[in-house]
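Protein chains in written order, with this note's numbering: chain A, 1 to 253; chain B, 1001 to 1446.
Please note that the accuracy of each hint is not assured.
As the list claims (entries may be wrong) - Subject to a maximum C-alpha distance of 20 angstroms in a straight line, what follows is the list of computed SDA-like cross-link-like pairs (lysine to any residue): (1) K100(A) x L1021(B); (2) K100(A) x L1018(B); (3) K100(A) x G137(A); (4) K1077(B) x E1123(B); (5) K100(A) x R1013(B); (6) K100(A) x R1014(B); (7) K100(A) x L1017(B); (8) K1043(B) x V1124(B); (9) K1077(B) x L1018(B); (10) K1112(B) x P1053(B); (11) K100(A) x S1364(B); (12) K100(A) x P1016(B); (13) K100(A) x A1020(B); (14) K1112(B) x S1096(B); (15) K100(A) x L1288(B); (16) K100(A) x S1143(B); (17) K1197(B) x H1181(B); (18) K100(A) x P1054(B); (19) K100(A) x E1282(B); (20) K1157(B) x V1082(B); (21) K1043(B) x V1082(B); (22) K100(A) x L1305(B); (23) K1077(B) x D1147(B); (24) K1155(B) x S1143(B); (25) K100(A) x E1281(B).
Stated by the list, open to error - Away from chain B, derived, C-beta distances all over 12 angstroms, residues of chain A: (26) V41; (27) E114; (28) G156; (29) V245.
Because the hints were derived from the structure by calculation, they are not lab data.
Small disclaimer: the values here were computed from a predicted structure and weren't measured.
Every residue gets a Cβ at the ideal spot worked out from N, C-alpha and C, and that includes glycine.
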Amino acid sequence: MARAEIETAPASRQASAAAARAPALAARGLGKHYGERAALVDVSFEVTVGELVAVIGPNGAGKTTLLSILAGIQPPDEGQIEVLDGDVGWVPQHAGVYSKLSVAENLRLFARLERVGDPDAVVARMLEQTGLADRAGDELSTLSGGNRQRVNVAIGLLADPAVLLADEPSSALDPRQRERLWEFIAQRRAGGTTVVYSTHNVQEAERHADRVLVLADGELLFTGTPRGLELEVGGSDLGFEAAFVRLLHAHGH
Amino acid sequence: MRWLLLKDLQILRRSPLLVALLVLYPVVVSLLIGFALSRGPDKPRVAFVNLVPPSANTISLGGENVDASRYASELFKSIEPVRLHSREAAIQKVRSGDALAALIIPSDITQKLSTGLESAQVEVIYNNEDPVKGRYVEQIINSRLADANAALSDKFKDIALQDIRLLLDGGDFELLGRTLHILGLRRTEAILAATLKTLPPGASQRRPLTEVRDFAGLAVSNLNLANDVLATVAQPVQVKRVALKGATTPLSSFAVAVAVAVSLMFVTVLLASGMLALEREEGAFTRLVRGLVSRAGLLAEKIGLAAACAFLVALVMLCGIALLAGLQWSRFPQWLVALAAGAVSFAALGVAIGGLAREVRAASLLGFLLSLPLAFLALVPSGAVSSGLYAVIRVVCALFPFKPTLQALDGALNDAGGLGLPVVHLLVLTVAFALLARLSLRRFAS
């Protein structure tokens, strides 16, 4: 049921976003260096309202750097970022939560720090949406990796942001937990939230993205739909993963 | 920031081991220090073998009988004697650890003391397995033997002075059971002077009698100085103490300042570094600094929390010591100032360490590795090392908060050296370490 929603959502969302022609998030000429090493080189793209965009690339491609710059954790050396209403939610790769606090306490703490209107009501709603209401009083240290990640995502959504940025949100999850995570994200998308996430799992990007951004050694090699990537490298029957690898080879990576 | 503070307090409350440590630490340390300062040290057990027969305990010096056993009591002021009857038994006691050392008085000691021609010897046997303990016992026995020697020396001096007075003023003395009468130099001089007056001016006896009278007069004059000369011989060097620099803080009060400074340092540095490193270890740092809390605010919260906790811990500890060891309660406001300045400065050092470390355990290890040598260096006295090395130590100590905290506490507890300068020093260090921590937080986001 949820799968069907995810698969059908992109077309309708893209249509409405295209109609609005409003980029929820835009990066222009982003550059970042760590010493001599260039982590990002002149990266520019736009994400329209309600889009689900996956940032893919090999290890060390600059995915986390790009997302952390978009999230405002570190400044770019060059370029600028534009966000439609300035409200961006952030889900770090490793659950940024406190192990000694309970699920509800973690949510309440960040709701207060986010200065949401009614923290208790928001926490109750988020517990309901994440299906963690029965674990509200449990310390985070007692939760499974999947449940911790749900809390991690829930904290990113506490302020009901227009854009959610998630750094490899499913990397530590087993297939069942991953599926539940995507169901949850699909619900948020249905509510109009724009989602940009990074992953090194190209099948996941193929299944759960309207568009993909392919990064390698800090350069943006491709922006478009998964199908568009296959066509770009000249083989509609190649399969997405093979097309991705061929794209990297074509650019000398 | 208050939500962050509440969160950290919640986390602390849920770490029972840490809370127990924070509560028990000041109580235990203050009790230990209080008892140590309020009671003298226990006397070490020393095996004591006196091989002198009871009948030979008395020494005859210049016709006076001196009981040598009276001087042995000097030794027992600082040791608990375990009286034994043979050298072998004493060695066995030392070997088994029942006694720290053995002191053996040989049978010929009184005879040697009586003749005054040869130094008497005692034998000290101690176990040197533990060099610190061995040195402690050696020092105690040497010190007590020096006291006994000084007491015997005084006795010898008194007897010598009696003999000199007899020579000067004359009188009776016993020798081999007979009472002998000594004329004395003063009376000899007087008799000769009176005789010379009765002789005619050209008498042949006048010249030799005049020479003998002059000799007697010269001898009287010089022997009058004997008291001072013998006192000088008994104690050739006397010490006159003049303190040029620093306050005259009693050692026990300074020990309190050291104990409190060390406790304050460890509690604050470990808490501040650990709580900041925890933000990174839990992965929450990147969330917080995205506009929820400023980096400076985060540092201020950690410094405030660690300083407040350590301040309370150190204050409880200080009050405990004060109840047991009798510190000056009238200086309580100064205690608060010194503790607060030290706690804030140590907390700033702690967050600088926490900013450099990526994990709580690494931060704790770094905190220990840095704090311990700093405490040791701050206690190195001038003159104990070369002047160049001491200059380096002074500079290093000035760059970290331990030495100024110690000085502030010494000033606050003992009215020694003033409080103002160390407190200003600590505030400067607080700002410097807070800036360093702020710089080190750049690494957190990468």
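Results of checking the hints against the structure:
1. K100(A) x L1021(B): Between K100(A) and L1021(B) the Cα gap is close to 18 angstroms, so the pair holds against 20 angstroms.
2. K100(A) x L1018(B): Distance ~13 angstroms between K100(A) and L1018(B) Cα, so the pair holds.
3. K100(A) x G137(A): Since the Cα atoms of K100(A) and G137(A) sit roughly 11 angstroms apart, the hinted pair holds (cutoff 20 angstroms).
4. K1077(B) x E1123(B): Given pair K1077(B), E1123(B) holds - Cα atoms ~18 angstroms apart, limit 20 angstroms.
5. K100(A) x R1013(B): Measuring from Cα to Cα gives roughly 10 angstroms; hence the hint holds.
6. K100(A) x R1014(B): holds, 7 angstroms
7. K100(A) x L1017(B): Roughly 13 angstroms between the alpha carbons, so the hint for K100(A) and L1017(B) holds.
8. K1043(B) x V1124(B): holds, 17 angstroms
9. K1077(B) x L1018(B): violated, 45 angstroms
10. K1112(B) x P1053(B): holds, 14 angstroms
11. K100(A) x S1364(B): Given that 20 angstroms is the threshold and the Cα spacing comes to 19 angstroms, the pair holds.
12. K100(A) x P1016(B): holds, 12 angstroms
13. K100(A) x A1020(B): This hinted pair holds, its Cα atoms lying about 17 angstroms apart.
14. K1112(B) x S1096(B): Violated, at about 33 angstroms.
15. K100(A) x L1288(B): holds, 17 angstroms
16. K100(A) x S1143(B): violated, 58 angstroms
17. K1197(B) x H1181(B): violated, 26 angstroms
18. K100(A) x P1054(B): Outside the cut-off at roughly 76 angstroms; violated.
19. K100(A) x E1282(B): holds, 10 angstroms
20. K1157(B) x V1082(B): The hint is violated at about 32 angstroms.
21. K1043(B) x V1082(B): Status holds; Cα separation ~12 angstroms.
22. K100(A) x L1305(B): holds, 17 angstroms
23. K1077(B) x D1147(B): Given that 20 angstroms is the threshold and the Cα spacing comes to 10 angstroms, the pair holds.
24. K1155(B) x S1143(B): holds, 19 angstroms
25. K100(A) x E1281(B): Roughly 13 angstroms separates the two Cα atoms, so the pair holds.
26. V41: holds, 18 angstroms
27. E114: violated, 7 angstroms
28. G156: violated, 8 angstroms
29. V245: Since the minimum Cβ distance to chain B is about 29 angstroms, V245(A) lies beyond 12 angstroms and the statement holds.
In terms of the numbered hints stated before, the structure departs from hints 9, 14, 16, 17, 18, 20, 27, 28, listed from lowest to highest.
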